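Undergrad: Guided by the hints, dock chain A onto chain P, whose structure is given.
Top to bottom, those sequences are chains P and A. Following the numbering used here from start to finish, the first sequence increments by one per residue and tops out at 883. Following the numbering used here from start to finish, the second sequence increments by one per residue and tops out at 883.
For the record, the hints were derived by calculation from the structure and aren't laboratory data. Only a predicted model underlies this, so the values are computations on that prediction, with no experimental measurement involved. Some clues are possibly wrong.
Copies of one chain are not kept apart here, so a pair can be met inside one copy or by any two copies together.
As the list claims (entries may be wrong) - Below are the DSSO-like pairs computed for lysine-lysine, each with C-alpha atoms no more than 27 Å apart in a straight line: (1) 756 to 837; (2) 853 to 673; (3) 837 to 568; (4) 853 to 838; (5) 659 to 839; (6) 756 to 628; (7) 516 to 790; (8) 516 to 659; (9) 757 to 673; (10) 756 to 673; (11) 798 to 659; (12) 843 to 810; (13) 790 to 628; (14) 757 to 837; (15) 628 to 839; (16) 843 to 879; (17) 659 to 810; (18) 838 to 756; (19) 757 to 790; (20) 838 to 790; (21) 843 to 798; (22) 516 to 630; (23) 839 to 756; (24) 757 to 838; (25) 673 to 879; (26) 757 to 796; (27) 810 to 628; (28) 631 to 756; (29) 757 to 631; (30) 757 to 628.
Protein chains: 2
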Amino acid sequence: MVLSFHDPESGERLYLQVYHYYRELIMSRRLPPGSRMPSLRSCARELHLSRTTIENAYLQLAADGYIISKAQSGYYVTDIAVQKPVLPKNRKPELPPVRYNFASSGVDRESFRFDLWQRYLKSALRQNERLLSYGEPQGESDFRQVLSEYVRQRRNVTCSPDDIVIGAGVQSLLHILCPLIKDKKTVSFPAASFIQGSTVFSDYGFTVRYRSKDSGVIYVSPAHMTKWGEIMPVSRRMELLRYAGEHQSLIIEDDFENEFVYLQKPTPSLFSLAGGHGVVYIGSFSRLLLPSIRISFMILPPELTEAYQKKAEFYNQTASKAEQIALCQFIRDGHLASQTRRLKRLYSVKMKQLLTAIREVFDKSCQIQIGSAGTSLALTVACGCEGQILKKKARAKGLRLEILEEKPGTVTLLLSCSAMPSEDFLPACRLLKSLLD
Amino acid sequence: MVLSFHDPESGERLYLQVYHYYRELIMSRRLPPGSRMPSLRSCARELHLSRTTIENAYLQLAADGYIISKAQSGYYVTDIAVQKPVLPKNRKPELPPVRYNFASSGVDRESFRFDLWQRYLKSALRQNERLLSYGEPQGESDFRQVLSEYVRQRRNVTCSPDDIVIGAGVQSLLHILCPLIKDKKTVSFPAASFIQGSTVFSDYGFTVRYRSKDSGVIYVSPAHMTKWGEIMPVSRRMELLRYAGEHQSLIIEDDFENEFVYLQKPTPSLFSLAGGHGVVYIGSFSRLLLPSIRISFMILPPELTEAYQKKAEFYNQTASKAEQIALCQFIRDGHLASQTRRLKRLYSVKMKQLLTAIREVFDKSCQIQIGSAGTSLALTVACGCEGQILKKKARAKGLRLEILEEKPGTVTLLLSCSAMPSEDFLPACRLLKSLLD
Chain P
447 MVLSFHDPES
457 GERLYLQVYH
467 YYRELIMSRR
477 LPPGSRMPSL
487 RSCARELHLS
497 RTTIENAYLQ
507 LAADGYIISK
517 AQSGYYVTDI
527 AVQKPVLPKN
537 RKPELPPVRY
547 NFASSGVDRE
557 SFRFDLWQRY
567 LKSALRQNER
577 LLSYGEPQGE
587 SDFRQVLSEY
597 VRQRRNVTCS
607 PDDIVIGAGV
617 QSLLHILCPL
627 IKDKKTVSFP
637 AASFIQGSTV
647 FSDYGFTVRY
657 RSKDSGVIYV
667 SPAHMTKWGE
677 IMPVSRRMEL
687 LRYAGEHQSL
697 IIEDDFENEF
707 VYLQKPTPSL
717 FSLAGGHGVV
727 YIGSFSRLLL
737 PSIRISFMIL
747 PPELTEAYQK
757 KAEFYNQTAS
767 KAEQIALCQF
777 IRDGHLASQT
787 RRLKRLYSVK
797 MKQLLTAIRE
807 VFDKSCQIQI
817 GSAGTSLALT
827 VACGCEGQIL
837 KKKARAKGLR
847 LEILEEKPGT
857 VTLLLSCSAM
867 PSEDFLPACR
877 LLKSLLD
Chain A
447 MVLSFHDPES
457 GERLYLQVYH
467 YYRELIMSRR
477 LPPGSRMPSL
487 RSCARELHLS
497 RTTIENAYLQ
507 LAADGYIISK
517 AQSGYYVTDI
527 AVQKPVLPKN
537 RKPELPPVRY
547 NFASSGVDRE
557 SFRFDLWQRY
567 LKSALRQNER
577 LLSYGEPQGE
587 SDFRQVLSEY
597 VRQRRNVTCS
607 PDDIVIGAGV
617 QSLLHILCPL
627 IKDKKTVSFP
637 AASFIQGSTV
647 FSDYGFTVRY
657 RSKDSGVIYV
667 SPAHMTKWGE
677 IMPVSRRMEL
687 LRYAGEHQSL
697 IIEDDFENEF
707 VYLQKPTPSL
717 FSLAGGHGVV
727 YIGSFSRLLL
737 PSIRISFMIL
747 PPELTEAYQK
757 KAEFYNQTAS
767 KAEQIALCQF
777 IRDGHLASQT
787 RRLKRLYSVK
797 MKQLLTAIRE
807 VFDKSCQIQI
817 GSAGTSLALT
827 VACGCEGQIL
837 KKKARAKGLR
847 LEILEEKPGT
857 VTLLLSCSAM
867 PSEDFLPACR
877 LLKSLLD
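Here chain P stands alone, though its shape is the one from the complex (with noise of 0.2 Å):
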């Protein structure tokens, strides 16, 4: 071996000439790809050169990705003069597109205004200033600001905008509420349905129960307490913070499409009820604007404002401040309040047209539940094959299902209208129906 390692007129340092010998090396595939490199001993001998600038020049390939370590037995040359892009590992078989959608909570693609959305994305983005900063922790002030007027005006909630914590989805909220209220130990909630939220309260160590009042932390959800929008009926909250009160169980009241009761007036939020004790309020947008902003709020009760306010500094905002600034000035100029009931309006409509579609295909042959509020319904059918068999079977046929229940003959399925154009209701239902038997 030949080498001018030595010449102090080349400028380099010696490390860097033994980093380039090799990776040309490396590069023409002159050492090929899986090749062991020579031992940092064997290596240093044979160029007179340190221990310590061999290694030097190593963990330089190494950092550049041309040679890796494995433990106890030397360096290898790695496959980077052959490289491909990465690939995603385990790709699926490729099934086709979705046609019918029953499954999905996405939001009408007619109902959202996106050019209005757009322009007041775009003027937040025009506060250069505010957007060179980090968020406050608990949220941008004047949005807070604004929502305690939204659910005072909306939902007949009293509080102050330090009351308000925002965050990036309801599990952002929850994971700051958790450890508040560690002590509580037991939660109860309303059905296994709610994975997100039960997630994020074992992982913090609670002991996670259904429906059983004797819980520390009780989570309902009034205006959703089943997927097909069977609400709370008032009697039932009282009875409920009566319960709480006595037991000094706190409530998490979760008010997910409380804007969409149709059959009746909205019913009371629970934290009104009860005053503002013993009950976190938690309200959402995803359902109102765009599944994809994420965007949530909690107001907690005096009890938990101080244990809050102690840790406020610790933990960073989770939601986007553009999108803050935005939602705020949207919910000002009363755009929210018209998206909501343009989309009440909507939803209430394309229910019926659901019903009228399954029943038109399904004649008698099926037991249909529906509450007075959300976007969702229960449809009990006779099938002749396991659930997941079914959802298998429309799945390639381009129809994508979501199984409730089952039962020996029968599966229950969950029909959301939300995102399905309402004119597609009557052929998805005559596909599932070619589906069943």
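TA: Positioned in the frame of chain P, the structure of chain A alone reads:
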């Protein structure tokens, strides 16, 4: 009391008649704020109506904010008739605007091309169809693909897009990671200043220690070992990996500010040195783009991907989908790379300018600690008062400071050059000096 509550002609349901009657009394302030409503029993007797009818009316009044229930006492009229918009509690005394901010971790206002980012976000917002649905729990797949190439090129980190998890900030990622590694029980941080990270771990029941290698989890930030940008030398990195390997400790490598290592080639990442085993790699964009853009990512080693995949569906994505789409294309088009180069050049110059300003103002009466990375330095000066008092005095003059440490007679400040324009360095240092006596 003469009331026509029994008039069937009115067409209004009885409870609503009672509701409207009281609402009128309250809004006209004939029932003034704070007055107690008649008990259900006495009201029912007086109006010759059932108790249930009265209760329904009261509940609707409460739901709409006219009355409020107090436990074991009855209903009281709220101040809705005289209500003004809710104002934040505990308003702090007004302070002058901040003229010089040495404590800011914001970015240089000249450095970010708002117009460019606006264009990318606008183009993301045009992807209507994509924004109508919830994001992938793990993060958008095209974005993860781009990230996997980005870390391979820049940090020699070889991973599949399936190993990458996106989240709205580092804490959101730790909220997913901590439950997966709960059995590790102890975690070591480099210093108490990593409060956002250690908070999440202690929320999950971990014992938090500092610089204690005998821990189940070792959290390190190799390019940001101290707030003034000391970096971990390669020899120490190798030693840490060996130690962690022998003791089965998991390393979390928060590669914060690795882009701003000025004085040498960036040192190799622990993840790449370890060949991807036993290390979780965390990266962020808040220092490269805008702090208000909440996007971070973690790369899981093979030991953890399976456990994660089992739970992936239970965690909703926290980062904004529109911002993920925008950033994906922004990186593809090479703008992140050029933004990084621009910032690195800029901060390297600004650090030198800040140093010059300090030397000019403080001469030999100060001590300066400066690392080979980052955007801050530590300045120790003689100070006649306590740190917190200095901080308040400075703030009253429009100068924001961060105290790192204090000893009798001296105080150590962390001065950041990133958000302050360089022409302010000299006047800001002079103002600081005038406050020290």
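Undergrad: Decide, hint by hint, whether the structure agrees.
TA: Status of each hint after checking the structure:
Taking the closest pair of Cα atoms, residue 756 and residue 837 come within 27 Å of each other only across two copies (20 Å); inside a single copy the shortest separation is 49 Å, beyond that limit. For a Cα distance limit of 27 Å, the shortest separation of residue 853 from residue 673 inside one copy, 18 Å, qualifies, whereas the shortest one across copies, 61 Å, does not. Proximity of residue 837 and residue 568 under a CA criterion of 27 Å is satisfied in neither setting, with 42 Å inside one chain copy and 37 Å between copies. For the homomeric pair residue 853 and residue 838, the shortest alpha-carbon distance inside one copy (18 Å) is at most 27 Å, but the shortest distance between copies (69 Å) is not.
In the homo-oligomer, the alpha carbons of residue 659 and residue 839 never lie at most 27 Å apart, since the shortest distance is 40 Å inside one protomer and 54 Å across protomers. Within a single copy, residue 756 and residue 628 get their C-alpha atoms as close as 16 Å, and across copies as close as 25 Å, so both meet the 27 Å cut-off. In this assembly of identical chains, residue 516 and residue 790 lie within 27 Å of each other by CA distance neither inside one copy nor across copies; the values are 61 Å within and 33 Å between. For a Cα distance limit of 27 Å, the shortest separation of residue 516 from residue 659 across copies, 22 Å, qualifies, whereas the shortest one inside one copy, 55 Å, does not.
Taking the shortest Cα distances, residue 757 and residue 673 sit within 27 Å of each other only across copies (22 Å), while inside one copy they are farther apart (35 Å). Taking identical chains as interchangeable, the C-alpha atoms of residue 756 and residue 673 lie at most 27 Å apart only when they sit on different chains, with a minimum of 24 Å there against 37 Å within one chain. Neither within a single protomer nor between protomers do residue 798 and residue 659 lie at most 27 Å apart by alpha-carbon distance, with minima of 35 Å and 64 Å respectively. Only within a single protomer do residue 843 and residue 810 lie at most 27 Å apart by alpha-carbon distance; the minimum there is 25 Å, versus 79 Å between protomers.
Taking the shortest alpha-carbon separations for residue 790 and residue 628, neither the intra-copy value of 37 Å nor the inter-copy value of 44 Å comes in at or below 27 Å. For the homomeric pair residue 757 and residue 837, the shortest alpha-carbon distance between copies (21 Å) is at most 27 Å, but the shortest distance inside one copy (46 Å) is not. Proximity of residue 628 and residue 839 under a CA criterion of 27 Å is satisfied in neither setting, with 44 Å inside one chain copy and 39 Å between copies. For a Cα distance limit of 27 Å, the shortest separation of residue 843 from residue 879 inside one copy, 12 Å, qualifies, whereas the shortest one across copies, 75 Å, does not.
When the C-alpha separation of residue 659 and residue 810 is checked against a cutoff of 27 Å, the pair qualifies neither within a copy, at 38 Å, nor between copies, at 69 Å. Taking the shortest alpha-carbon separations for residue 838 and residue 756, only the inter-copy value of 20 Å comes in at or below 27 Å, while the best intra-copy value is 50 Å. In this assembly of identical chains, residue 757 and residue 790 lie within 27 Å of each other by CA distance neither inside one copy nor across copies; the values are 38 Å within and 34 Å between. With identical chains, the CA atoms of residue 838 and residue 790 are never at most 27 Å apart, being 32 Å at best within one copy and 52 Å at best between copies.
Taking the shortest alpha-carbon separations for residue 843 and residue 798, only the intra-copy value of 26 Å comes in at or below 27 Å, while the best inter-copy value is 65 Å. Taking the shortest Cα distances, residue 516 and residue 630 sit within 27 Å of each other only across copies (24 Å), while inside one copy they are farther apart (48 Å). When the C-alpha separation of residue 839 and residue 756 is checked against a cutoff of 27 Å, the pair qualifies only between copies, where the shortest distance is 24 Å, while the shortest distance within a copy is 54 Å. For the homomeric pair residue 757 and residue 838, the shortest alpha-carbon distance between copies (22 Å) is at most 27 Å, but the shortest distance inside one copy (47 Å) is not.
For the identical chains of this complex, residue 673 and residue 879 are intra-copy neighbours only, at 22 Å inside a copy versus 65 Å across copies, given an alpha-carbon limit of 27 Å. For the homomeric pair residue 757 and residue 796, neither the shortest alpha-carbon distance inside one copy (45 Å) nor that between copies (34 Å) is at most 27 Å. Proximity of residue 810 to residue 628 under the C-alpha cut-off of 27 Å is found in neither arrangement, the shortest distances being 50 Å within a copy and 52 Å between copies. Taking the closest pair of Cα atoms, residue 631 and residue 756 come within 27 Å of each other both inside a single copy (21 Å) and across two copies (25 Å).
Proximity of residue 757 and residue 631 under a CA criterion of 27 Å is satisfied in both settings, with 20 Å inside one chain copy and 22 Å between copies. Within a single copy, residue 757 and residue 628 get their C-alpha atoms as close as 14 Å, and across copies as close as 22 Å, so both meet the 27 Å cut-off.
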